[in-house]
Amino acid sequence: MSFVDGLLNKLNIKANDVSLYELALTHSSFNNKANTKHQDYERLEFLGDSLIGFVVGELCYTHHPEMLEGDLTKIRSQIIRTASEASYGVALGLDKYLRKGESLQTVSDHLLEDIFESFIGALYLDQGLGYAIDFLKGILENDVKSARVLVEKDPKSSLQEIIQAESRETISYKVIQESGPAHSRTFVSAVYLEDIELGRGSGHSKKESEVNAAKDALSKMAGA
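Quick note on numbering: the sequence shown equals residues 33 to 256 in this note's numbering.
Simulated from the structure, these hints should not be mistaken for laboratory data. One or more hints might be untrue.
[As the list claims (entries may be wrong)] Once the Cα atoms are required to be at most 30 Å apart in a straight line, the calculated DSSO-like pairs of lysine-lysine come out as:
1) Lys128 to Lys188
2) Lys177 to Lys128
3) Lys128 to Lys42
4) Lys177 to Lys188
5) Lys206 to Lys188
6) Lys252 to Lys238
7) Lys206 to Lys252
8) Lys46 to Lys169
9) Lys169 to Lys128
10) Lys169 to Lys132
11) Lys42 to Lys247
12) Lys247 to Lys206
13) Lys206 to Lys132
14) Lys239 to Lys206
15) Lys188 to Lys252
16) Lys252 to Lys177
17) Lys132 to Lys42
18) Lys238 to Lys42
19) Lys238 to Lys206
20) Lys132 to Lys46
21) Lys188 to Lys239
Please work from the sequences and hints to get the whole structure.
Here it is as structure tokens:
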């Protein structure tokens with residue numbers, strides 16, 4: 033018997049290798065209790081994240097022929113952002129089967145996102161690519177079909193979501209120039225992904241210059 037048997041029965045998955053699903057639902061904090069190393073979901077998460085990105089990209093392309101690349105990217109980021117993937121994980125019931133150590137007190141949306149991705153990675157290795165793609169499409173297709181480009185109210189958040197959809201890296205902002213008298217300063221900020229400048233903007237406060245830098249980055253990405 034395995035602690036994931038109930039989940040697999042619920043999802044009607046006949047596992048060839050149950051240990052893959054056990055690994056996908058094991059948090060690193062459990063290693064301390066089990067006296068193990070690297071026996072957790074992180075490698076499977078990497079694999080599942082890649083597959084989810086591919087499937088969502090294909091669904092966006094198929095169901096939104098009216099959209100150009102920039103809007104397709106925005107739709108994709110809505111589907112695979114942290115809150116969305118966390119909700120898919122809960123809908124599958126993955127949160128109820130998470131194996132963790134006592135040091136982990138709360139299950140965050142980021143963790144739910146991670147185990148959703150790792151579960152998909154395990155599913156791919158156990159059942160094959162075609163099965164995993166069909167499984168994902170069953171979960172995601174209606175949401176992709178009904179998705180619409182949202183009005184950008186917060187360029188910084190929008191940019192972060194798009195970057196997270198592409199990679200695990202976070203963006204950072206830096207003031208690169210200040211000018212003008214003390215009572216009327218002008219700031220120029222740039223936004224970076226690691227060491228790569230994505231955009232820059234100016235404003236009469238650091239916050240305004242950062243927002244304009246995010247707008248500039250979004251504009252460049254849409255134009256590209």
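Hints versus structure:
Between Lys128 and Lys188, the direct Cα distance comes to roughly 34 Å. Violation of the 30 Å bound is thereby established for this hinted pair. Our distance criterion of 30 Å between C-alpha atoms is met by Lys177 and Lys128, whose separation comes to about 29 Å. Simply put, Lys128 and Lys42 have alpha-carbon atoms about 12 Å apart, close enough for the 30 Å limit, and the pair holds. Of the supplied pair hints, the one linking Lys177 and Lys188 holds, its CA atoms being roughly 26 Å apart against a limit of 30 Å.
Under the criterion of a C-alpha separation no larger than 30 Å, the hint pairing Lys206 with Lys188 is consistent with the structure, at around 13 Å. Of the supplied pair hints, the one linking Lys252 and Lys238 holds, its CA atoms being roughly 21 Å apart against a limit of 30 Å. For a cut-off of 30 Å, the pair hint linking Lys206 to Lys252 stands: about 18 Å separates their Cα positions. The suggested pairing of Lys46 with Lys169 holds, with an alpha-carbon distance near 19 Å, which does not exceed 30 Å.
The straight-line distance between the Cα atoms of Lys169 and Lys128 is roughly 23 Å, inside the 30 Å bound, and the hint therefore holds. At most 30 Å may separate the alpha-carbon atoms for a hinted pair to count; Lys169 and Lys132 meet this at roughly 29 Å. Annotation: proposed proximity of Lys42 to Lys247 is violated, straight-line Cα distance about 45 Å (limit 30 Å). Among the hinted pairs, Lys247 with Lys206 is consistent with the structure: their alpha-carbon atoms are about 15 Å apart, no more than 30 Å.
Only pairs whose Cα atoms come within 30 Å are accepted, and Lys206 paired with Lys132 is rejected, the gap being roughly 38 Å. Between Lys239 and Lys206, the direct Cα distance comes to roughly 11 Å. Compliance with the 30 Å bound is thereby established for this hinted pair. Using a Cα cut-off of 30 Å, the hinted pair Lys188 and Lys252 holds, with the two alpha carbons roughly 14 Å apart. This hinted pair checks out: Lys252 and Lys177 have alpha carbons roughly 26 Å apart, not beyond 30 Å.
Proposed proximity of Lys132 and Lys42 is supported: the alpha carbons are some 21 Å apart, at most 30 Å. Restraint check for Lys238 and Lys42: not satisfied, since their Cα atoms lie roughly 51 Å apart, outside the 30 Å limit. A threshold of 30 Å between alpha carbons decides the hint, and for Lys238 with Lys206 the separation of about 9 Å falls inside it, so the pair holds. For the hint pairing Lys132 with Lys46, the CA-to-CA distance comes to about 24 Å; that is within 30 Å, so the pair holds.
Restraint check for Lys188 and Lys239: the C-alpha separation of about 10 Å stays at or below 30 Å, so the hint holds.
Checked against the numbered hints listed earlier, the structure breaks hints 1, 11, 13, 18; every other hint is satisfied.
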